[in-house]
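**Student:** For the protein sequence lines, the chains are A and B, in the order given.
Residues in the first sequence are numbered from 1 upward in steps of one, following the working numbering.
Residues in the second sequence are numbered from 1 upward in steps of one, following the working numbering.
Among the hints, a few may not be true.
Below 20 Å or equal to it, Euclidean Cα-Cα: the simulated EDC-like pairs (lysine to aspartate or glutamate) are [said to hold, decoys possible]:
1) B:Lys47 to A:Asp173
2) B:Lys47 to A:Asp159
3) A:Lys95 to A:Glu269
Quick caveat, the hints were computed from the structure, so don't treat them as lab data.
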Amino acid sequence: MTTTIPSPAVPGAPVQGGRPPRTRGPGLTARRSATRALPLLPAVVLLGVFLLGPVIWSFYGSFTDASLTGAAAQGASFVGFDNYVELFADPDFPKSVLLTLVFLVASAIVGQNVLGLGLALLMRSANRVVRALVGTFVVTAWVLPEIVASFAAYAFFNDTGTLNSILGLVGIDGPNWLFTLPMLSVILANVWRGTAFSMLVYSAALHDVPQEITESAEVDGARGWQRLAFITLPMIRRSITTNLMLTTLQTLSVFTLIFVMTGGGPGTESSTLPILAYQEAFQFSQLGFGTAIATILLVVGALFSFVYIRALRPEVD
Amino acid sequence: MGMTSPSQRVLRATSNGVLLLVLVAFALPLVWLLLASVDTSATLSVKWPEAFTLDNFTTVLTPELAFVPLANSLVISLGCALLTVAAAVLAAYPLSRYRMRINKPFLYGVLFGTCLPVTAMMVPVYSLFVWLNLIDSVPGTILFLAASSLPMAIYMAKNFMDSVPVTLEEAAWVDGASMLKTLTTIVIPLMRPGLAVVFIFVFIGAWGNFFVPFVLLLSPDRQPAAVTIFSFFGQYGSVAYGQLAAFSLLYSLPVLALYVLVSRSLGGASALAGAVKG
Chain A
1 MTTTIPSPAV PGAPVQGGRP PRTRGPGLTA RRSATRALPL LPAVVLLGVF LLGPVIWSFY
61 GSFTDASLTG AAAQGASFVG FDNYVELFAD PDFPKSVLLT LVFLVASAIV GQNVLGLGLA
121 LLMRSANRVV RALVGTFVVT AWVLPEIVAS FAAYAFFNDT GTLNSILGLV GIDGPNWLFT
181 LPMLSVILAN VWRGTAFSML VYSAALHDVP QEITESAEVD GARGWQRLAF ITLPMIRRSI
241 TTNLMLTTLQ TLSVFTLIFV MTGGGPGTES STLPILAYQE AFQFSQLGFG TAIATILLVV
301 GALFSFVYIR ALRPEVD
Chain B
1 MGMTSPSQRV LRATSNGVLL LVLVAFALPL VWLLLASVDT SATLSVKWPE AFTLDNFTTV
61 LTPELAFVPL ANSLVISLGC ALLTVAAAVL AAYPLSRYRM RINKPFLYGV LFGTCLPVTA
121 MMVPVYSLFV WLNLIDSVPG TILFLAASSL PMAIYMAKNF MDSVPVTLEE AAWVDGASML
181 KTLTTIVIPL MRPGLAVVFI FVFIGAWGNF FVPFVLLLSP DRQPAAVTIF SFFGQYGSVA
241 YGQLAAFSLL YSLPVLALYV LVSRSLGGAS ALAGAVKG
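Extracted from the complex, chain A is given alone in its bound form (with noise of 0.2 Å):
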């Protein structure tokens, strides 16, 4: 399984609590107590200041007027739900939030699952050298660095890019995918760049899947499509609930790919909220919008890691 779920104590391991408790009094206790959680003290002032602090100064600066040029920029002063109302009253929010959608059911929950679990499976009955080809080509365009990735995926999108050569050579003149179908185009970029996670934990689970169950169901003449549907598929459902929570999440904060592809353009045609949040703050220098952006963002992405975490419950305790 992946690194992200937190194994189970591993049987034979160390119990926890090393040391006998002795017997001594409540003072002791206490600063023994203490003296053990010393260590803590590192990685909870580096996380407080830089991972809480900002999401407490997200909440906090969605209700004040702070902006990055001229006089507000100073003092800010507490403006209540005011960036909330007008980005609601603004037409490319809800756009955004359309497009964020988007994004997310047709480059995270379809895309990179279906593919992931498809190419899991049919590595499973291919040549071994063709398994082992696209393993390193999927694997590649996840593990490369994302700037390098984006323009990678530029390039093939681009009016004189690949995709058009290719389309050019079969007769086909290819439209300015970056400009007509900017959505389209950032899709099927994630999709090329984010498969190889999910594939990996396919790939993981199916290999756990006990090859006596499916053999005994082809005994009794299950067709392949009925082993996947009411076998493989149950036995593994828990595979697919995390990975398409992780997948949910990591496509939600996806900004370079598409950042250095359209730019969130032509216009906000492709400005997923990330996208919107850094408009608004550094080239329209509204930074309480583009503050109130990333809080609702926060929110979100808190309610997944909620869920995700409760699904997860069983192996923290």
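Keeping the supplied structure of chain A fixed, place chain B upon it in accordance with the hints.
**Tutor:** Chain B only, in chain A's frame:
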């Protein structure tokens, strides 16, 4: 599988065929990168170079274009990985060895932190850094990158530490060794391979990060390669695709090498799934 039925052979042929198509689609953008880097007249489309040459590489291998940005990347990634691993090991020790009341809430908080959409919150991070006077500060950027990779690192470190037997430590405790001494002389040497994995994982994440240094570092002489590649594209991108590809390859090489190293040592790429993208 010596005996294969006809239906299995059909299945195998279909699988191979479909996979080869997927292979071509996935490989083309990467092949462009490779071919363009050895072609001085590269375009945005895959094409066979008229002459193979390393000119693009020699052009970009100057202090200003490649060495300074790559050195900045190295400083940021090393600093982030060292800081993260140190804080993660320290935190993992009490979490793994003592049954404390704060363990559960802390681990839940950390798990929650692994899910935080970090790119989504760069706007508030920017204004917080303005307030803290940490904009354009390399240490500030390292601290933020370390904090954002820490939740995953603590989880990994705790899992690795859980699999180190506790018996040796008990002997040390009996001899009166302190917690820090036990940790540094017994536990850490025993979990070195695990720590190497955490270190490399954090390093890869910091090396490849574009958005964080793009927002937090403003001076070109402090920016890592990820950001200078982007500026290079803005300045010369429309003419020098070959140089862009060559620089991108140089910059990607350490990440690819480290990934191969880790996935080999863990016996399979799947062990890193969920890790690299954090």
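**Student:** State for each hint whether it applies.
**Tutor:** Against the structure, the hints:
no.	hint	verdict
1	B:Lys47 to A:Asp173	18 Å, holds
2	B:Lys47 to A:Asp159	15 Å, holds
3	A:Lys95 to A:Glu269	9 Å, holds
When the structure is compared with the earlier hints, no violation turns up for any of them.
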